[in-house]
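Residue numbers (the working numbering), protein chains in the order written: chain R, 613 to 956; chain H, 613 to 956; chain S, 613 to 956; chain U, 613 to 956.
Treat the hints with care, as some may be off.
Note: identical chains are not told apart, hence a pair may lie in one copy or across any two.
[Unchecked claim] Keeping only pairs whose Cα atoms sit at most 20 Å apart, straight-line, the calculated EDC-like set for lysine to aspartate or glutamate is:
| # | residue 1 | residue 2 |
| --- | --- | --- |
| 1 | K640 | E890 |
| 2 | K905 | E929 |
| 3 | K640 | D701 |
| 4 | K640 | E943 |
| 5 | K640 | E912 |
| 6 | K885 | E830 |
These are computed hints drawn from the structure, not numbers from a lab.
There are 4 protein chains.
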Amino acid sequence: MFFASDNSGPVPPQVLEALTRANEGHAKGYGTDPLTEEVTQQLRDLFEAPEAAVYLVATGTVANCLALACYAQPFDTVYCTPPAHIEEDECNAPEFYTGGAKLTLVGESDRFEPSVLRRAIGGSGGSVHNAQRGPVSITQATEKGNIYSLDDLRAVTGVAREFGLPVHLDGARFANACVALGCTPAEMTWKSGVDVAVFGGTKNGLMGVEAVIFFDPEKAREFELRRKRGGHLFSKHRYLTAQMQAYLADDLWAELARTANAKSTRLLAGLQKVGKIEGDPRVNMIFARLPRKLHARAFEAGAYYYCMGDIAEGDPEEPVKARFVCDWSIEDAEIDRYLEVIGA
Amino acid sequence: MFFASDNSGPVPPQVLEALTRANEGHAKGYGTDPLTEEVTQQLRDLFEAPEAAVYLVATGTVANCLALACYAQPFDTVYCTPPAHIEEDECNAPEFYTGGAKLTLVGESDRFEPSVLRRAIGGSGGSVHNAQRGPVSITQATEKGNIYSLDDLRAVTGVAREFGLPVHLDGARFANACVALGCTPAEMTWKSGVDVAVFGGTKNGLMGVEAVIFFDPEKAREFELRRKRGGHLFSKHRYLTAQMQAYLADDLWAELARTANAKSTRLLAGLQKVGKIEGDPRVNMIFARLPRKLHARAFEAGAYYYCMGDIAEGDPEEPVKARFVCDWSIEDAEIDRYLEVIGA
Amino acid sequence: MFFASDNSGPVPPQVLEALTRANEGHAKGYGTDPLTEEVTQQLRDLFEAPEAAVYLVATGTVANCLALACYAQPFDTVYCTPPAHIEEDECNAPEFYTGGAKLTLVGESDRFEPSVLRRAIGGSGGSVHNAQRGPVSITQATEKGNIYSLDDLRAVTGVAREFGLPVHLDGARFANACVALGCTPAEMTWKSGVDVAVFGGTKNGLMGVEAVIFFDPEKAREFELRRKRGGHLFSKHRYLTAQMQAYLADDLWAELARTANAKSTRLLAGLQKVGKIEGDPRVNMIFARLPRKLHARAFEAGAYYYCMGDIAEGDPEEPVKARFVCDWSIEDAEIDRYLEVIGA
Amino acid sequence: MFFASDNSGPVPPQVLEALTRANEGHAKGYGTDPLTEEVTQQLRDLFEAPEAAVYLVATGTVANCLALACYAQPFDTVYCTPPAHIEEDECNAPEFYTGGAKLTLVGESDRFEPSVLRRAIGGSGGSVHNAQRGPVSITQATEKGNIYSLDDLRAVTGVAREFGLPVHLDGARFANACVALGCTPAEMTWKSGVDVAVFGGTKNGLMGVEAVIFFDPEKAREFELRRKRGGHLFSKHRYLTAQMQAYLADDLWAELARTANAKSTRLLAGLQKVGKIEGDPRVNMIFARLPRKLHARAFEAGAYYYCMGDIAEGDPEEPVKARFVCDWSIEDAEIDRYLEVIGA
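Just chain R, same shape as in the assembly (with noise of 0.2 Å):
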């Protein structure tokens, strides 16, 4: 009954083999091993892209500020929600990869509303005074669980495009929102507008492992001196390597969001006869509020997950927001057992 968050769970098996199979003999170290050639390939064949530049690195933190900082300057503003990843969880990670860069938190929910977004570029920078502007970061799902579709996906680009500025697509759960959609790889980025997205790995399924995929080829050799200058380009890169490798055969990316949504759908029938759900959760993650005693009752039966309120003190029928995540390992039966525990 672990349902804190997608980072939590096991590596299928076939991470595991890969790994094995990598683990044969000497190979060149970061990142010019045959392998990782290889894997790069299949990567820029799966984006349709053949000309991007596709890197590896170990954490989400990282591929997102590396993909920044290769489009904002110091002097620049990064356009994102307020709930974002970039601004709320990453203890100034954004400002430390970009040398000084703000953040500009736009709007109130956690997907840009175009309108707003256009009034908040158009009214930043224009003086040497000011912030100029940077790129606007996407995050695809959202920090909230929700996705753009790709037509609103393609609203907000377009607006970026209207200023000419750059698209960042974090995609910490990239493929649970392209499963969603029912959409490729290549129609949820380049197709939609993005110039560099983040094809997450680690939240679904990988031990650490994040894509960083650029369209334009031209930041290439900056991305790389910024890898290495962060301690982030790995001698031993063939096992980082060995991780994609597993996540792209037979689409098991796909496969094991797939799962993780599914189980967030089961979950979620439960969950609102007892509570009320927030927004209409597509993914693998559900904001819900459920009276405070069904949380008490569940964390003393050993379920694990985030409440944003105390659960011990107060009216015990008050009802008390939470979040839900669901990776691909959850079982049915836990789901289930939860469910009966909250009486669902």
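For this one, chain R is given, so just place chains H, S and U on it according to the hints.
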């Protein structure tokens, strides 16, 4: 016949087994899992440092840079030797993590001469116009394959102490030096005046894990924040921990280092017959000058290592310097074959 | 009819005279001259702070940024209001000087509401993933021409104190606020809970000098190093000092501020007749909405100030907001002429 | 008898007069005033560079650092000589402004030897692991009081050009070198292969103004943003401009430099009689070794300058090295008195 680097070999089976064992069920993220707590304690025990703050990161670059960043202010300078890895091979990562501290190169060799270090420190700092005196960074074993005896170490750290400066130890090849000296990790670190040490695993058989050990835990919180800000806090931290668990079990770290050192000794014995050895190699790295034609012949036969000069063009008899590094996995047969190829 | 900014007027003759007096013979550089020592002591006396560390710099941007950099770590956030100059008008200088700290915008006005500030601080920080809690930055007078009463100030600094956070006061218009409140500099700073204050001179009649005053001298050395590193330590420091000397003599700072405030009051009296005033201006800055046609007429007649909207195009009767700032040197006749032009 | 630095003397009356003249009425801020436009054009004319982007800042530190920051990426290295001011005397300001670039010290003297520079550049960079090749920074006149002939300059910039690297010229004592060579500012800069030059005023009679001149205006906007972000854009810019206006009028800059150089020559003639001169001083800086007792006697008589050694303790006859700098305002009588005191 791969002598390019000790970051090119596979990992021993124990590491894969530990990863497999760790891959069970859900675990809290970011190093708050029980396994990490356990392994952290094991490291404290190994270093006989019950108060130490201990952290795992995935690359040596960041292990050293984060350690330095906790001791060097942006207006400070770090004292190191000219061939120090932090100076030569990190694409300005130390400058990045320290916020712009300088590196002052001391002397002309890979080992600090205490009197030269004293003069360098004494001649630096002093006014608001200068970079201020910051940490002394020692590499053990050095980038040239040499080691400091414990007396040597104490002499160097003693100079730092005279000026009230902290001492950092870059231990990418910590284990190789430690077993060569036949001393304990504690003796090679805090008992010899080291404030923060990197206990390297990546070059000694792990996929990518280094332990950073602060003997005075005062910098613990700062390290944690800087690690997160650098994108180096792994959400699925247990996969770093598991590697270190395997490394510590039955002193695998020492066994691997002893093996690598022994391979190097075997290689050395042969190289001496046909080339000129630099210094007195005691760990798993040898610098030797061989006639150009021998390198050419070896490469043709499939050998791979770094040559400081063109091996295709030039007088075939002219000695060309090369670096040979043995990792634990090199087979004696490969070494012997190499020696046979070069006629040693 | 120049109401664009109080950084647009000339300096009073006393400043030129002081420069001339200081321009005698040789003087040690970098602030080690006797005049600087003397003026530093005068500032300590003025602020009734015998232990204070006092420094002169040439711009308000750097005065604030250096002060903040001494209190905000790169992984911290600085709390300020949305229109704060450090957020809006410094091209990421605070991020630069702090090494990448964040700015958290609190509330929706130019003045901190204590309860809103308490909620903002309480809801931030808390884990290694977040920006950590850093200094609270207050502007007095605010960027909207408002002032905090001493009680207001104490309420805000009290909230910072609850969390153990330091307080910075941006005093670009320190003198204008101080004379408007009729309080002493000490009362408006350390007696109200301020840790470091900028005593602005540039907007109040100097060529370019601001004093940074640390009431706790613990940060003194760090400030000196950061100032030098920022390129803000003047070799011919006496020419900064001389300006401050003139500023302090016979309380010129207060006299200039009183004059500027009075000019503003005169202007206000007229503006009220034809436009709508924002808030309750008590220093030398007024925000007012006037019919578009009046702005147009005034600009045609040679007036100059900032209008937040197009004055050439649109309904002539529609109110357009504008900012009016009076400096000490504006002549009553100019104000009267402006009022006459707009028919007030 | 003040020979400590050319930043210790007063400014000539023309500078005060220009400040007084500029102190009339209101002027737009931040360098958008008509006087700044005029003086900027005068600088373009002086340098015969109609396209140049020209900026004024108040300190030499920042003039050099901003210029370098426009050409050096954070992962680059700047080539300079060991005694370069940017290395020795700026408390890591170059590292700060470049976002963490390295400084590579070339050779062992204050002047680049072209062949040594070529070897240094050729031996650096090359892989993602190294600091990348960045700008070459030349100081003219050097920190040791030497100058490059135009042929020397061209030889050095030619090496940079071989590698496609930009050239920065630190001209803290630009004027002194220029008049000593009897060449034009254009000849000493872009005609000799310099990309960005600092035309120093502060050490040659101004209160604090340096012009930064980009011969290729491509970096103009970046410079403006970096200047603002560094807190170096003066709101009351006219007071910087006025100083430069005086400096340019009737070639005051050349006259002051000629005067200072002549004073130095007068001093040199005497010093030679009692001490040993280093090199062949041609500008206003002399390094000389005098018996300890002479320094002691001079200091007792009120002289002030830098001695590289204790003058109170030690063998009275032992030579102690000292630096003598003459500014334009030193009177012949003072020089003569000093020489008399030391018996020259």
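Could you figure out if K885 and E830 sit no more than 20 Å apart (CA to CA) within one copy, between two copies, both or neither? neither (52 Å within a copy, 50 Å between copies)
Within a copy, between copies, both or neither: where do K640 and E912 come within 20 Å Cα-Cα? Cα proximity of K640 and E912: across copies only (17 Å, versus 51 Å in one copy).
Is it within a copy, between copies, both, or neither that the alpha carbon of K905 lies no farther than 20 Å from that of E929? Result: close within a single copy only, 6 Å intra versus 61 Å inter.
Taking 20 Å as the upper bound on the Cα-Cα distance, should K640 and E890 be classified as within, between, both, or neither? This pair counts as neither: shortest intra-copy Cα distance 49 Å, inter-copy 25 Å.
Which holds for K640 with E943 at a C-alpha limit of 20 Å: within a copy, between copies, both or neither? between (40 Å within a copy, 17 Å between copies)
Check K640 against D701 for me: Cα-Cα at most 20 Å, and say if that holds within a copy, between copies, both or neither. between (35 Å within a copy, 17 Å between copies)
Hints 1 and 6, counting from the list given before, are not met by this structure.
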